[in-house]
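Asker: Read off the chains here:
2 protein chains.
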Amino acid sequence: MIELNFEKMGGLIPAIAQDYKTGDVLMLAFMNREAWEETLKTGKATYYSRTRDTLWVKGLTSGHIQNVKEIRVDCDSDTVLLKVDQVGGAACHTGYASCFYQKVDDGRLVTLGEPIFDPKEVYKE
Amino acid sequence: MIELNFEKMGGLIPAIAQDYKTGDVLMLAFMNREAWEETLKTGKATYYSRTRDTLWVKGLTSGHIQNVKEIRVDCDSDTVLLKVDQVGGAACHTGYASCFYQKVDDGRLVTLGEPIFDPKEVYKE
Chain A
1 MIELNFEKMG
11 GLIPAIAQDY
21 KTGDVLMLAF
31 MNREAWEETL
41 KTGKATYYSR
51 TRDTLWVKGL
61 TSGHIQNVKE
71 IRVDCDSDTV
81 LLKVDQVGGA
91 ACHTGYASCF
101 YQKVDDGRLV
111 TLGEPIFDPK
121 EVYKE
Chain B
1 MIELNFEKMG
11 GLIPAIAQDY
21 KTGDVLMLAF
31 MNREAWEETL
41 KTGKATYYSR
51 TRDTLWVKGL
61 TSGHIQNVKE
71 IRVDCDSDTV
81 LLKVDQVGGA
91 ACHTGYASCF
101 YQKVDDGRLV
111 TLGEPIFDPK
121 EVYKE
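Going down the list, the protein sequences come from chains A and B.
For the first sequence, UniProt numbering gives the first residue as 1, with consecutive numbering after it.
For the second sequence, UniProt numbering gives the first residue as 1, with consecutive numbering after it.
Each hint should be verified, as a subset may be incorrect.
[Unchecked claim] Straight-line Cα separation of at most 25 Å, SDA-like style, residue types lysine to any residue; simulated pairs:
1) A:Lys103 with B:Val68
2) B:Lys8 with A:Thr111
3) A:Lys8 with B:Lys69
Hints are computed from structural coordinates only; laboratory data are not their basis.
Model, not experiment: these values are computed from the prediction.
Work the whole structure out from these sequences, hints included.
Answerer: Quick look at the structure:
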């Protein structure tokens, strides 16, 4: 059994999702122990939603799940890196491929690229 | 001025450092507002050490600083991604290129690769 350090952040660890093919960093979310164990068991990235206080299987609503290809653990076992196959090509709830679609440019934020999907269509808002 | 959401995590945001050339994820650390502003001002990755409760210019002791080439901000402005030029080729205090040198393999952790430097030499422990 792999023991991660959930104590450092009150039961949570940060989890970075990276596209396993392009190397693009897609998003950062948090896992509690249950989310970690579910991810290991199912092979689908499962996080913990702090706002909703519940497990969150990424993509369950949108269909844009993350199939986990590889998991890395950092030097002090308090952060994980998931190399994932992002179904639908977009990890962000805004429709962008990556949540990191804003770049700092001369003291302001510039949006890079275009959304891949329309959140209104996907989430039926 | 770029406004990040430091409130969500009690004054901190997670900061991911990624090698700007290879795309390898090197480490995750935290920034408070001061660390963020120092990073913007100096172009050198500056974090906040939770254990030492102080600003931490990455590489100040080891010489392995991170020159920031690009900064990305995520969709809800509570996480940043630094694309860095890692001086010395190793981001991890253990001497490995990346902090994520352990891979989950069949329920256990396997170490990948070899350290680039000997921490005993670099930190004069």
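Asker: Each hint should be assessed against the structure and marked as holding or not.
Answerer: How the hints compare with the structure:
Pair hint lysine 103 of chain A plus valine 68 of chain B holds up; C-alpha atoms about 13 Å apart against a cutoff of 25 Å. A hinted pair counts as satisfied when its Cα atoms are at most 25 Å apart, and lysine 8 of chain B with threonine 111 of chain A qualifies at roughly 23 Å. At most 25 Å may separate the alpha-carbon atoms for a hinted pair to count; lysine 8 of chain A and lysine 69 of chain B exceed this at roughly 30 Å.
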